[in-house]
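Trainee: In the order they appear, the protein sequences are chains A and B.
Each residue of the first sequence is one higher than the one before, starting from 1 at the first, in our numbering.
Each residue of the second sequence is one higher than the one before, starting from 1 at the first, in our numbering.
The set of hints was computed from the structure by calculation and includes no laboratory data.
Hints may be right or wrong, so weigh each one.
In the EDC-like style, the derived pairs of lysine to aspartate or glutamate whose C-alpha atoms are separated by at most 16 Å in a straight line are [unchecked claim]: (1) A/K314 x B/E68; (2) B/K10 x A/D333; (3) B/K10 x A/D329; (4) A/K354 x A/D329; (5) A/K10 x B/E364.
There are 2 protein chains.
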Amino acid sequence: MSAVVTKVLKPGDTIGILGGGQLGRMLAMSAARLGLRCQVFSPDPDSPAFDVVQNATCAEYADVEALELFASDCDVITYEFENVPAATAMILDARRPVLPAQAILQTTQDRLAEKDFVTSLGIGTAGYAGVANAGELHAAVKKIGLPAVIKTRRFGYDGKGQAIIREGDDLDQVWKDLGTNSAILEAFVPFEREVSVIAARGADGHVECFEVTENEHRDHILKFSYAPAHISDALAAKAREIAEKIGTALGYVGVFAVELFVVPGPKDAIDGATLVVNEIAPRVHNSGHWTLDGASVSQFEQHIRAIAGWPLAKPVRHGQVTMINLIGDDILDYGKWLTVPGATVHLYGKGAPKPGRKMGHVVEVKPAT
Amino acid sequence: MSAVVTKVLKPGDTIGILGGGQLGRMLAMSAARLGLRCQVFSPDPDSPAFDVVQNATCAEYADVEALELFASDCDVITYEFENVPAATAMILDARRPVLPAQAILQTTQDRLAEKDFVTSLGIGTAGYAGVANAGELHAAVKKIGLPAVIKTRRFGYDGKGQAIIREGDDLDQVWKDLGTNSAILEAFVPFEREVSVIAARGADGHVECFEVTENEHRDHILKFSYAPAHISDALAAKAREIAEKIGTALGYVGVFAVELFVVPGPKDAIDGATLVVNEIAPRVHNSGHWTLDGASVSQFEQHIRAIAGWPLAKPVRHGQVTMINLIGDDILDYGKWLTVPGATVHLYGKGAPKPGRKMGHVVEVKPAT
Numbered sequence: 001m002s003a004v005v006t007k008v009l010k011p012g013d014t015i016g017i018l019g020g021g022q023l024g025r026m027l028a029m030s031a032a033r034l035g036l037r038c039q040v041f042s043p044d045p046d047s048p049a050f051d052v053v054q055n056a057t058c059a060e061y062a063d064v065e066a067l068e069l070f071a072s073d074c075d076v077i078t079y080e081f082e083n084v085p086a087a088t089a090m091i092l093d094a095r096r097p098v099l100p101a102q103a104i105l106q107t108t109q110d111r112l113a114e115k116d117f118v119t120s121l122g123i124g125t126a127g128y129a130g131v132a133n134a135g136e137l138h139a140a141v142k143k144i145g146l147p148a149v150i151k152t153r154r155f156g157y158d159g160k161g162q163a164i165i166r167e168g169d170d171l172d173q174v175w176k177d178l179g180t181n182s183a184i185l186e187a188f189v190p191f192e193r194e195v196s197v198i199a200a201r202g203a204d205g206h207v208e209c210f211e212v213t214e215n216e217h218r219d220h221i222l223k224f225s226y227a228p229a230h231i232s233d234a235l236a237a238k239a240r241e242i243a244e245k246i247g248t249a250l251g252y253v254g255v256f257a258v259e260l261f262v263v264p265g266p267k268d269a270i271d272g273a274t275l276v277v278n279e280i281a282p283r284v285h286n287s288g289h290w291t292l293d294g295a296s297v298s299q300f301e302q303h304i305r306a307i308a309g310w311p312l313a314k315p316v317r318h319g320q321v322t323m324i325n326l327i328g329d330d331i332l333d334y335g336k337w338l339t340v341p342g343a344t345v346h347l348y349g350k351g352a353p354k355p356g357r358k359m360g361h362v363v364e365v366k367p368a369t
Numbered sequence: 001m002s003a004v005v006t007k008v009l010k011p012g013d014t015i016g017i018l019g020g021g022q023l024g025r026m027l028a029m030s031a032a033r034l035g036l037r038c039q040v041f042s043p044d045p046d047s048p049a050f051d052v053v054q055n056a057t058c059a060e061y062a063d064v065e066a067l068e069l070f071a072s073d074c075d076v077i078t079y080e081f082e083n084v085p086a087a088t089a090m091i092l093d094a095r096r097p098v099l100p101a102q103a104i105l106q107t108t109q110d111r112l113a114e115k116d117f118v119t120s121l122g123i124g125t126a127g128y129a130g131v132a133n134a135g136e137l138h139a140a141v142k143k144i145g146l147p148a149v150i151k152t153r154r155f156g157y158d159g160k161g162q163a164i165i166r167e168g169d170d171l172d173q174v175w176k177d178l179g180t181n182s183a184i185l186e187a188f189v190p191f192e193r194e195v196s197v198i199a200a201r202g203a204d205g206h207v208e209c210f211e212v213t214e215n216e217h218r219d220h221i222l223k224f225s226y227a228p229a230h231i232s233d234a235l236a237a238k239a240r241e242i243a244e245k246i247g248t249a250l251g252y253v254g255v256f257a258v259e260l261f262v263v264p265g266p267k268d269a270i271d272g273a274t275l276v277v278n279e280i281a282p283r284v285h286n287s288g289h290w291t292l293d294g295a296s297v298s299q300f301e302q303h304i305r306a307i308a309g310w311p312l313a314k315p316v317r318h319g320q321v322t323m324i325n326l327i328g329d330d331i332l333d334y335g336k337w338l339t340v341p342g343a344t345v346h347l348y349g350k351g352a353p354k355p356g357r358k359m360g361h362v363v364e365v366k367p368a369t
């Protein structure tokens, strides 16, 4: 990829953040600690990130005038979510550096393009096939086998826009229910655990990975992260190597996450297991929230350092770290968490708890054993 | 003291902060992490704390209408500086709980009242005498001896409003130069080190002290803090006991700092040294900045917990901690500090560096030895 055009920020400069959720909020708070200002752009007037910045733009992502004004206030622009509309990114990119680069979104917004990209690097993924109609679904099932997962190619998250297909399912009905003309069928991966690597890549190409994190989901939503993951050192090194290879090939600047499945076998595998890339998230990631209190530098600060053109820090983990997501009514337990020794409570300033809504998280650090 | 009227906040509630400097900024950032909103009141349009909140009031402390509007937006009000004008505190106090309580300011704003209060608790201070005119200065010097320090009773900080009087000085001229009719003469204390205790007292009366910090000043401004202080465990326990006694006697809710001198002798002293209270600061304090990265909970979070009516956390120190203030042009070294392993950089978002201006600080944590 071509060299990334970057600008070295100085204290007092302004970072524009597209998206006003908890990730934008935590990015803005990390930037503030480094003396950088943030301006948040979000269509939602109740955006949690608005609370922690002086300057906010509440407008639609298609509002060209608002985007132009926003860009003119910023020195560099970043985003907290990968589904930034291409037109939005183009308008901003014409005015200010947008990091990570817009071209990367084109790869990571499309599950098929992402899988092709990962495969092209010689990195393993689940078996997959593009599916554009019911006929192709039949052919893909023949190729991939069942059970398998059908996903829309774009704009899916937290289990939305996907379905498991099992032996005997009516493929035509499945296709009709999915309601898309652009999908991907992925082989079901018999993984023993899910892990992720949170990596930062600086404008100079230097990569720093956090220690591999192990993740547990409930109802397709991350519930617990553990650092370090319960995998061998050699496998962890391999996971970080994969992340570095991906970041470098993308010409990435900022923090990204690589989600991986740990699959038992084959016999010649590293310590008896193989790593398969599930997904790349071109942004700070929920499975990196433990770094806020469990490491010497957080994923949020690393992202800010990277897009500011500042040197990355070398992350050092403090003890055994567990991250617990507070989802929906879990938030009602905040009073209990405030009394747990070694637990740090993060509440996102969202309004009413709704089922599946990420309301906050807790990081528990225990001395290394 | 009478029981403090408190209110238990819930996430989403708003804390009003009087004062928009770095202390207000760091308080607001800690509140945000706990899902609490802050509104900052400051007469300075360039207030660093404005950058990290959505709602700010830029008005004079004497602006009654602005104060009333501000109070109506807040659930509880606190301050980042001890010199809150009494009239301002009264206007706010009539509308919302103000913590720490306004009555406490009357003691700590007046060096003479503060010394009398500390003495009344049986806690040691430097010898002192109130001075209202040149004649009283002559009498006080006779009583206290020289060298001694003459200070205005009110509104002094960072060495401002004070002068050392040495043998042979012209007392009438010293008095004229000080330009006040309300001063205190304090005996010069031959201390071997300066330490401070940062303590939090909850609405329930529970006190949690951070470990005793050792402080080094340059030109009357704090330059370095070290945690723990280089004093014996018994002396450190005594220092924390003094802080607890002071907080309890004041009926304090929130974080406060007690600055102490460690003086060699007398023979029956704890481990050969005596503690003498220098000053009480009814607020978060520069010598507690190390807790941001060097402890399991920061002084800022403890203050927010206390005034929110939430339980205090039990602070656990991480390793050997050094805090370095970035004063004036020190800020120009921020790039160097970003590359120091184990150093966390805090920049306050202030404009141009001026001599003596606190621009940021660094916390270095080294594994305990």
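Trainee: State for each hint whether it applies.
Mentor: Here is what the structure says about each hint:
1. Annotation: proposed proximity of A/K314 to B/E68 is violated, straight-line Cα distance about 48 Å (limit 16 Å).
2. With a CA separation close to 12 Å, the supplied pair B/K10 and A/D333 stays within the 16 Å bound.
3. For the proposed pair B/K10 and A/D329, the alpha carbon gap of about 15 Å is at most 16 Å, so the pair holds.
4. Distance check on the hinted pair: A/K354 and A/D329 sit about 7 Å apart at the alpha-carbon level, within 16 Å; holds.
5. Between A/K10 and B/E364 the CA atoms are separated by roughly 22 Å; this puts the pair beyond 16 Å, and the hint is violated.
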